Every structure is written in structure tokens, then in C-alpha cells.
Amino acid sequence: MGHHQSDEADRSGRRDQHSLDGGEFRETFPGEHDLATEYEVSRHTVREALRQLRAQGIVTAHRGRLSRFAADGPLEPRVGEAYSLFRAVEAVGAVQRSVVRVLDQRADGVVAARLEVEESTLLVHLERLRLADEEPLAADRVWLPAAVARPLLGVDFTRTSLYDELERHCAVRISGGWERIRAVVPGRGELARLACPGSTALFAIDRLGRDAGERAVEWRQTLVRADRFAIAAEFSEGDGYRPGAPARTFRQARRTALTWCTTDG
Numbered sequence: 001m002g003h004h005q006s007d008e009a010d011r012s013g014r015r016d017q018h019s020l021d022g023g024e025f026r027e028t029f030p031g032e033h034d035l036a037t038e039y040e041v042s043r044h045t046v047r048e049a050l051r052q053l054r055a056q057g058i059v060t061a062h063r064g065r066l067s068r069f070a071a072d073g074p075l076e077p078r079v080g081e082a083y084s085l086f087r088a089v090e091a092v093g094a095v096q097r098s099v100v101r102v103l104d105q106r107a108d109g110v111v112a113a114r115l116e117v118e119e120s121t122l123l124v125h126l127e128r129l130r131l132a133d134e135e136p137l138a139a140d141r142v143w144l145p146a147a148v149a150r151p152l153l154g155v156d157f158t159r160t161s162l163y164d165e166l167e168r169h170c171a172v173r174i175s176g177g178w179e180r181i182r183a184v185v186p187g188r189g190e191l192a193r194l195a196c197p198g199s200t201a202l203f204a205i206d207r208l209g210r211d212a213g214e215r216a217v218e219w220r221q222t223l224v225r226a227d228r229f230a231i232a233a234e235f236s237e238g239d240g241y242r243p244g245a246p247a248r249t250f251r252q253a254r255r256t257a258l259t260w261c262t263t264d265g
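Under this note's numbering, read the sequence shown as residues 1 to 265, first letter to last.
Quick caveat, the hints were computed from the structure, so don't treat them as lab data.
Heads up, a few of these hints could be off.
Here are the computed distance ranges between Cβ atoms for each label pair [to be verified]:
no. : residue 1 : residue 2 : range
1   : V95       : E116      : 35 to 41 Å
2   : S42       : A183      : 47 to 53 Å
3   : E38       : G189      : 28 to 34 Å
4   : A147      : V185      : 33 to 39 Å
5   : H33       : D227      : 23 to 29 Å
6   : E38       : V110      : 56 to 62 Å
7   : R150      : A226      : 54 to 60 Å
8   : E167      : R47       : 40 to 46 Å
9   : A147      : S175      : 16 to 22 Å
10  : R193      : E38       : 19 to 25 Å
11  : H33       : F235      : 45 to 51 Å
12  : I231      : E167      : 35 to 41 Å
13  : L191      : H33       : 52 to 58 Å
14  : D156      : A204      : 23 to 29 Å
Just so we're clear, the structure is a prediction, and the values are computed from it rather than from any experiment.
Glycine included, each C-beta is placed from N, C-alpha and C at the ideal position.
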């Protein structure tokens, strides 16, 4: 490619990146023809510009699918709210898919105590490997009282949110609770399950979810890759520490962490 074409590709790539910064192309990139028409350059120039953006990890492309944002930065939840991993991943243009390891009904005295019910109480147990664009992100285990959540035993959780299905099938909405997040060193099993480099740490997240009547209806334990997850809060002299950070543009978020601002599910 000549020097002139290389300069054109660089300029086209910068314009594409500016469009990303401004919130354009949030769902998918336009096709090569549309980009060539909009920027008045050749399709060859567009292809080279997209190649540069892919090399930088800014966009991703797979055979048979349009280019789109690369969701490879760490997700950043707003602590202090009932956020949804499923919706957070989908909100940045990635595909969130779950590999369901276990979905059954069982008794567990230790978990029952967490849920403030009798030790012999039957619980619905869901265990998943959570993927973002087919890359392992987290593994979680969830328990809910069967008296509340038994209809979930027939749900396919491959491409949906637990909270959405809980509300849809059981008329129960998580409206509060508490969450504890701590850093842990993964064992060999966790490294293999989450496809982590040996130097990667994990966040262990324990969550108790309550419904509008303050009834404990969810006990969840999650292991999430620390290189793909971050926690943010804001503070001020007058208000002190306040969980939850303001939303940022996609490009700002990608440089540090992806915006995670959803409150359901």
C-alpha cells in the first residue's frame, strides 16, 4: 500500500475512533461500503482502517458477523445496586452466554441459614460459567428457596438473566440486599475453568438478595476474573464515600473499564 493510502487509512481509522468516542456505532459498525461512502474514501482504505482498529483491540470481527466494539476491558459495576452481569455485558455490544453446569433442587443447611430458612428447606441451585463473546468472564453459583423459585427449574439460562426470569416466572424482583467483594488467589481448578493466565487474580463476590418485603430470596457466590472486572465509587468532601460511579463514554470506559450501569437482573 502506498504512502498516500496509508495516510488515508490512518485518517479514516482516527475518524472511526472519534465516532466511537462520540457514541456512534454503539451496537455494530456499518459495513465497508457505508463507511467508504460516509468518509468518501475507497473500500480498500476502509478495510485497512478497520484492520488497524482490530489490531488495537478497539473493534472485533468474526466470520459472518459485523464488526463491533471489543468488550475486552474490565467491566465496572456501580456498587450499591442490584446490577446484572448479563445486561452489563450485552450493553457494551458483547454477547453474554452462560454454560449451565447445574440446575436442580437440593437441601443445603449452610446456605439455608444464609437465606434465613430451615436447614432442610429445598433450594433451587443454579451453577453457570459466564462468557462474554465466548471468553470466560465469571463462574457463579446461586441458591433460591424452592418455594419461591421452583418454576425456574424449566428455564433455559443460556442467553438470559436470572433476575429477568425470576420476575417473569415467579413474580419476584430483587430490590435490595448486600454484597461483599474480596480478592482471592485462584487455584488450578479456577484458573482452568476461567481460562486465566497464571498471574491473574480473581474477585470473590458474595451476595444476599432480598425482595420488596425484605425476604431473603437469593444467595450467590461468584468468581470473576480481576483482569476483566473493576469496582468504582465516587466521593466528595461533603458527601463522603458514595457507591456507584457516573457513566462514561465507551472510549473513556474502555481505557479503564467498561461502563456497568444497569440495575435489573
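Verification of the supplied hints:
1. V95 with E116: 35 to 41 Å: Given about 36 Å between the Cβ atoms, the range holds.
2. S42 with A183: 47 to 53 Å: 50 Å, holds
3. E38 with G189: 28 to 34 Å: 49 Å, violated
4. A147 with V185: 33 to 39 Å: 38 Å, holds
5. H33 with D227: 23 to 29 Å: 37 Å, violated
6. E38 with V110: 56 to 62 Å: 59 Å, holds
7. R150 with A226: 54 to 60 Å: 35 Å, violated
8. E167 with R47: 40 to 46 Å: Cβ of E167 to Cβ of R47: about 45 Å, so the range 40 to 46 Å holds.
9. A147 with S175: 16 to 22 Å: With a Cβ separation near 19 Å, A147 and S175 satisfy 16 to 22 Å, so the hint holds.
10. R193 with E38: 19 to 25 Å: At 43 Å between Cβs, range violated.
11. H33 with F235: 45 to 51 Å: With Cβ atoms ~48 Å apart, the hint holds.
12. I231 with E167: 35 to 41 Å: 26 Å, violated
13. L191 with H33: 52 to 58 Å: 44 Å, violated
14. D156 with A204: 23 to 29 Å: Holds - the Cβ-Cβ distance for D156 and A204, about 27 Å, lies within 23 to 29 Å.
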